[in-house]
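Asker: Next come the chains, spelled out residue by residue.
There are 2 protein chains.
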Amino acid sequence: MAAVMCEKSSPSPFPRALRLSWLLLAGLMMVLPAAHSQDGPKTTPQPAIPVMPTEKDSERAAEDDHKLDSLNLMMFLFLLVLTILTIWLFKHRRFRYLHETGLALLYGLIVGVIIRYTSNEVVPQKPVSQIVPVSSIDGEPPANIVLNVSAGEYLFSNQGPYQEHQVQVVNPELSKATFDPEIFFNILLPPIIFHAGYSLKKRHFFRNIGGILTYAFLGTAVSTFIVGSVMYAFVLIGAAAEIDFSFVDCLFFGAVISATDPVTVLAIFHDMHVDVDLYALVFGESVMNDAVAIILSSTVEGYGKTTKAFDGIAFLTAFGNFLGIFAGSFGIGAVMGCFTAVLTKFTKIREHPLLETCMFFLMSYSTFLMAEALGMTGIVAVLFCGITQAHYTYNNLSEESKARTKQLFELLNFLAENFIFSYMGVSVFTFQHHQWKGGFISAAFLAIGLGRMCNIYPLTLLLNLGRHQKINFNFQNMMMFSGLRGAVAFALAIRSTSSEARQLMFTTTLMIVMVTVLFCGSLTLQMLTWLKIRVGVDEDQEMTQPFEAVDTLLPPPLGDGDPPRDGPEYRYLCAYLEDEGDAQVDSRRRGMRYESAWLFRVWYNFDHNYLKPTLTHAGPPLTETLPACCLPLARCLTSTQAYENQHNIQEDSDTDLILDGSELSYGRANSGNDLTATVVTTPTNATPTLPKAPAEEDGAEGDLGLGDHELRTRARVMLTMSTGVPGKDSSHV
Amino acid sequence: MAAVMCEKSSPSPFPRALRLSWLLLAGLMMVLPAAHSQDGPKTTPQPAIPVMPTEKDSERAAEDDHKLDSLNLMMFLFLLVLTILTIWLFKHRRFRYLHETGLALLYGLIVGVIIRYTSNEVVPQKPVSQIVPVSSIDGEPPANIVLNVSAGEYLFSNQGPYQEHQVQVVNPELSKATFDPEIFFNILLPPIIFHAGYSLKKRHFFRNIGGILTYAFLGTAVSTFIVGSVMYAFVLIGAAAEIDFSFVDCLFFGAVISATDPVTVLAIFHDMHVDVDLYALVFGESVMNDAVAIILSSTVEGYGKTTKAFDGIAFLTAFGNFLGIFAGSFGIGAVMGCFTAVLTKFTKIREHPLLETCMFFLMSYSTFLMAEALGMTGIVAVLFCGITQAHYTYNNLSEESKARTKQLFELLNFLAENFIFSYMGVSVFTFQHHQWKGGFISAAFLAIGLGRMCNIYPLTLLLNLGRHQKINFNFQNMMMFSGLRGAVAFALAIRSTSSEARQLMFTTTLMIVMVTVLFCGSLTLQMLTWLKIRVGVDEDQEMTQPFEAVDTLLPPPLGDGDPPRDGPEYRYLCAYLEDEGDAQVDSRRRGMRYESAWLFRVWYNFDHNYLKPTLTHAGPPLTETLPACCLPLARCLTSTQAYENQHNIQEDSDTDLILDGSELSYGRANSGNDLTATVVTTPTNATPTLPKAPAEEDGAEGDLGLGDHELRTRARVMLTMSTGVPGKDSSHV
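Chains as they are written, first to last, in the numbering used here: chain A, 1 to 733; chain B, 1 to 733.
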């Protein structure tokens with residue numbers, strides 16, 4: 001792993017620090033004396049006058065380096081093992097106050113302390129730098145020079161123009177525990193983000209797509225500007241002390257810190273089976289705002305390079321850049337996802353799951369690389385690639401590959417996430433250029449609170465205007481509380497720590513991540529209780545529970561124009577729903593379609609009629625949907641499976657796209673009864689003679705094939721709503 | 001992925017070469033113009049007088065570098081995708097003449113040619129090196145110096161003592177397609193080797209352990225010395241031309257090239273269901289001789305550093321080193337494997353398969369790192385860790401984790417292997433320090449042929465003295481033919497290419513790998529026919545086929561003292577085997593035990609009575625096997641499952657360890673009838689009242705739980721043999 005370590009320093013014996021912390025971790029004491037004796041007694045002081053390094057010395061140094069690198073990486077792996085074992089214990093004991101990421105962070109902190117305070121305060125062996133005037137070189141300086149010093153000929157390589165911060169006194173033992181920052185962005189983040197896209201529960205995501213996009217785009221922009229402005233105000237009154245911190249720096253910090261990562265909160269939501277819409281909103285926002293924050297920060301950075309003061313043209317250019325990069329990254333991700341879908345559809349590679357999984361993996365990582373090579377944002381491309389893969393490719397995979405790909409990315413996500421968090425913990429103590437400015441850090445906490453507030457509350461107000469099912473105040477508070485910062489903010493902040501301003505940003509980000517993860521993470525359960533958020537919503541159970549159960553959940557009828565609960569219409573609906581069942585949903589969907597937003601209707605039709613049949617074996621055959629002139633092409637693209645589908649009702653979760661124009665939530669109804677009542681009470685064009693639809697496995701969701709159930713349940717709920725539901729907010733805890 | 005690229009060079013526009021080859025591969029032409037226009041028109045010639053680089057320039061250069069790195073890695077990923085698709089096509093069409101690794105190699109070659117002959121022949125922008133006499137620096141030269149040249153202040157960092165080969169004119173575009181050689185050893189090889197250990201079919205491996213260890217240890221040593229001596233003879237008559245090539249270099253080359261890697265041959269063996277013993281011998285030898293060759297080469301290297309001439313003491317030290325490193329690496333691997341087994345046994349982590357799989361993965365990779373950190377050989381440790389994990393830990397894993405871990409390492413193995421082979425293909429053309437010495441390369445082919453010959457034939461002669469079932473001449477020829485070289489030899493050779501001798505070794509190794517993989521690989525099927533090797537041995541079917549089928553496979557009785565086929569003893573045995581079935585095996589095993597080698601008997605008893613019950617839920621409870629004084633400890637260590645086992649017969653594949661003292665092979669019998677006849681015809685201590693044994697899942701084998709079947713079948717075979725079998729070799733094709 002020598003290659004991934006960033007700073008190669010002078011040879012040194014096994015550092016006591018690492019050895020100690022490692023001892024603490026692994027408890028494998030019996031093997032250590034050997035390592036120790038091999039590397040010389042630790043009590044030998046560094047020679048005061050260094051000896052001339054020979055070739056053998058330098059080889060030995062490289063060997064020591066390699067050993068140290070191995071030891072170092074091993075330390076992190078053992079940290080992860082320890083985290084895993086503790087987390088198992090927590091899960092076993094149903095202790096939910098600390099999430100695995102929080103635990104990884106804590107263990108990292110402990111190890112960081114040990115490394116820091118046991119490491120030898122080595123004075124670097126060689127003088128750090130020396131200015132040598134050599135005016136004999138004209139023009140461009142050479143790539144390498146050989147200095148003929150008194151100790152012999154030495155090779156020096158050109159590191160570029162000299163900047164003072166390049167040469168700082170560093171403790172080589174501590175910098176050994178440091179990885180190349182690009183590792184985070186190029187190796188550890190992509191699987192995390194891809195997994196988010198691939199495991200996205202499309203059903204609930206698309207139901208709340210309006211809200212999610214609003215929070216992600218508008219919200220992140222608002223948060224960036226609020227945080228930037230507040231920070232700049234504090235900088236003006238001296239919070240950053242003597243560090244030069246421009247407004248653009250403040251904006252950049254705002255963008256970096258606006259990437260929320262409520263993995264702790266979501267894990268608890270998942271465990272507690274919290275309300276699905278709240279889950280979708282928090283999850284969707286966090287996934288999408290990572291993408292926005294990443295592009296926003298690079299845009300601000302680019303903007304800062306061209307101009308320091310405010311400039312209208314530059315601002316517009318930056319905005320154009322933002323849109324261009326977002327569209328480009330989105331496009332690459334989507335195209336690569338579709339390309340994989342085509343490959344898996346038109347080859348019989350599914351007969352060889354290993355090959356199929358490998359191809360899936362390679363195509364997905366290529367997406368990242370392609371976007372980076374084209375100057376787009378790989379992380380964003382990978383996110384949309386993940387969503388596309390889940391939507392199309394997943395349908396074409398063999399059963400084994402479905403399991404394999406899900407498990408593979410789950411594993412990579414787990415490892416990468418916990419590695420980042422334990423690294424964060426360690427780097428609080430091993431990063432050597434921290435800028436501890438208490439004022440700035442406190443100001444930052446204030447600013448992110450304010451930024452989050454200006455994101456959630458006003459935007460929700462706006463959203464609620466258009467939503468049938470309002471986001472109630474407790475949900476808003478919970479969303480406000482879910483603004484944890486995590487891996488993405490850290491990766492963005494650690495990417496560049498060359499200037500003092502950036503170092504200050506890094507220190508502040510680290511503090512914010514730590515406090516929000518540990519503090520908010522451990523308070524989530526408590527918060528759910530305080531805010532009376534409904535938990536224990538077993539989605540599956542809710543969908544399959546008997547009709548009566550849904551019925552009794554609801555308050556007695558209150559509306560004036562609604563049909564009475566025991567009236568003839570009620571009984572008709574009951575009978576209808578019980579007897580006719582699934583066969584009705586398609587026609588109901590058709591009847592309902594006009595209620596959805598126009599854009600979604602267009603998209604849904606296009607996707608359902610053209611994209612899905614082209615890219616997967618699902619959907620109606622293209623020979624039906626394409627105009628007659630394209631018939632040969634259509635025949636070419638349609639698989640035999642699709643013809644079979646023709647006679648079946650396709651129940652895919654996209655149905656929600658259409659159904660959810662009315663933004664229903666089962667069991668908890670707030671308003672909009674008029675709409676749903678109309679729909680449910682007009683089932684005249686039912687076609688009960690159609691065969692029962694096979695549950696299409698659509699997307700990498702946990703609830704595959706539940707479409708029918710959900711639709712039926714929802715119809716029941718709609719029915720019950722139409723029989724009378726209070727118009728006010730009611731959250732059942 | 002910037003971090004994994006080794007040489008950072010001057011900024012350059014997108015190289016035409018990479019773009020072209022990538023175009024060829026991906027066919028995604030629509031996205032390229034954007035990339036191109038972004039990086040400046042390619043027709044612009046390099047400025048003759050370079051301008052002074054500013055900070056913005058260097059940032060941009062880093063950005064370009066990153067893009068180029070991404071493009072490069074993407075090229076390899078697309079190569080792999082292409083390989084996968086082609087391989088699928090081959091599998092689909094049952095075309096077996098080219099294995100995926102050979103294909104990866106071929107595609108790599110094609111892309112290498114394109115990169116090579118389309119790359120701009122750039123003259124490096126900056127003068128490569130310049131010797132500057134600076135006598136003002138006394139003693140130790142500084143880590144960094146700042147040169148005050150006329151173009152401004154530049155930072156130069158110390159690269160160590162100057163050696164001429166460090167500074168060579170390189171084509172930056174080509175060196176971009178080059179990875180850090182340590183990547184191969186530290187990242188790509190470990191999963192390949194671990195997978196070999198984890199997927200090892202213990203049953204057949206242990207049956208042939210004697211032969212495998214002989215070929216691996218003695219054979220590799222013989223091969224190393226023969227190759228080394230032959231090469232030295234050729235060097236003395238001038239095969240290496242003007243390159244300085246010492247005897248130690250020759251020996252090192254011998255060690256490097258002695259690591260066989262018949263992955264192509266094994267894949268065909270697997271597809272064709274070739275004789276299981278031949279498979280086990282070829283597979284086992286290749287796995288173990290990798291370990292031996294790796295340690296041997298590092299020992300020779302160390303030996304070469306201390307002495308150039310032959311020195312008895314140094315030789316003994318080297319031998320001691322070899323043994324020490326082997327034992328140490330073996331120990332680390334085994335201990336870590338057992339530690340993982342303990343962790344999975346005594347925690348209930350199996351309830352969370354994700355955590356379990358992560359821990360398994362982390363512990364396995366930690367083994368590599370720990371061995372490296374302690375100065376041992378990580379690859380060897382990982383091999384034995386894999387075997388231990390398969391033998392103990394695998395039994396404790398949950399069903400899901402069993403599948404997950406197998407699939408994960410299968411995937412990693414596939415990706416790593418094909419990446420290495422496609423990289424090999426590319427580097428034939430992109431490696432810039434090839435030493436094409438036709439004489440040396442031809443001599444090397446001769447030497448490895450001779451080395452392999454002196455390995456296989458004399459050692460088999462030796463082995464056959466002690467084997468009941470001889471390795472026949474055709475098998476020997478097939479083993480001789482299976483001496484392909486592959487990933488390990490390549491990784492060893494690319495590790496250091498600093499001196500000209502090493503570069504010559506690298507070039508030669510590359511040629512040998514290519515020729516053996518492509519030539520021998522494609523001839524394997526033909527060879528199987530020529531050598532009349534029995535194929536279509538469906539292990540499962542063979543074990544479960546009716547008794548008559550086995551019977552008719554065998555030639556009519558010929559022996560004189562054997563009981564007649566239709567005599568009373570024969571009928572008794574038939575009845576016995578049919579009626580009593582599995583319940584007998586334990587007692588038969590007991591009766592047979594004395595025939596096994598003493599060492600294996602000791603090991604088997606220890607493993608079966610103490611290790612297995614301690615580390616897994618299998619085997620007899622420790623409360624039974626440990627002496628009474630250890631009762632509290634035994635109670636502590638024994639799981640409830642073990643008590644249940646107490647009343648069952650444990651059919652694990654280790655039984656073979658004991659049974660296979662007689663080295664039987666089903667259906668093909670050569671000699672040793674006396675032994676087996678005695679065994680089978682004494683089933684008097686049978687205990688038919690015992691309940692039927694549950695098939696214990698033991699080891700990551702494909703044939704889990706077949707123990708009973710195999711034993712029964714074998715008993716049948718033994719019976720049939722005892723009724724009369726010819727003493728001469730008979731291979732059924």
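To be clear, the hints were calculated from the coordinates, so they are not data collected in a lab. You may find that some hints are simply not true.
The list treats identical chains as interchangeable, and a pair is accepted whether it falls inside one copy or across any two copies.
What the hints assert, rightly or not - Capping the alpha-carbon separation at 30 Å, the derived lysine-lysine pairs in DSS-like fashion look like this: (1) Lys-91 x Lys-470; (2) Lys-470 x Lys-345; (3) Lys-345 x Lys-305; (4) Lys-437 x Lys-345; (5) Lys-348 x Lys-91; (6) Lys-91 x Lys-67; (7) Lys-406 x Lys-345; (8) Lys-406 x Lys-91; (9) Lys-305 x Lys-67; (10) Lys-305 x Lys-437; (11) Lys-402 x Lys-348; (12) Lys-402 x Lys-91; (13) Lys-91 x Lys-345; (14) Lys-406 x Lys-348; (15) Lys-67 x Lys-470; (16) Lys-91 x Lys-532; (17) Lys-532 x Lys-470; (18) Lys-402 x Lys-532; (19) Lys-532 x Lys-305.
Asker: If a hint holds in the structure, say so; if it does not, say that too.
Answerer: Each hint tested on the structure:
1. Lys-91 x Lys-470: neither (35 Å within a copy, 56 Å between copies)
2. Lys-470 x Lys-345: neither (41 Å within a copy, 50 Å between copies)
3. Lys-345 x Lys-305: Answer is neither: 46 Å inside a copy and 58 Å across each miss the 30 Å cutoff.
4. Lys-437 x Lys-345: For Lys-437 and Lys-345, the Cα distance exceeds 30 Å both inside one copy (57 Å) and across copies (49 Å).
5. Lys-348 x Lys-91: Only across copies: Lys-348 and Lys-91 sit 10 Å apart there, 41 Å inside one copy, limit 30 Å.
6. Lys-91 x Lys-67: neither (36 Å within a copy, 43 Å between copies)
7. Lys-406 x Lys-345: both (19 Å within a copy, 26 Å between copies)
8. Lys-406 x Lys-91: both (22 Å within a copy, 25 Å between copies)
9. Lys-305 x Lys-67: between (41 Å within a copy, 20 Å between copies)
10. Lys-305 x Lys-437: Close inside one copy (25 Å), not across copies (53 Å); limit 30 Å.
11. Lys-402 x Lys-348: both (15 Å within a copy, 27 Å between copies)
12. Lys-402 x Lys-91: both (27 Å within a copy, 21 Å between copies)
13. Lys-91 x Lys-345: Intra 40 Å, inter 17 Å, cutoff 30 Å: inter-copy only.
14. Lys-406 x Lys-348: Both: 20 Å inside a copy, 23 Å across copies.
15. Lys-67 x Lys-470: Intra 59 Å, inter 45 Å, cutoff 30 Å: neither.
16. Lys-91 x Lys-532: Result: close within a single copy only, 24 Å intra versus 59 Å inter.
17. Lys-532 x Lys-470: within (16 Å within a copy, 78 Å between copies)
18. Lys-402 x Lys-532: Neither: 38 Å inside a copy, 42 Å across copies.
19. Lys-532 x Lys-305: For Lys-532 and Lys-305, neither the intra-copy (48 Å) nor the inter-copy (73 Å) Cα distance is at most 30 Å.
The structure shown violates the earlier hints numbered 1, 2, 3, 4, 6, 15, 18 and 19.
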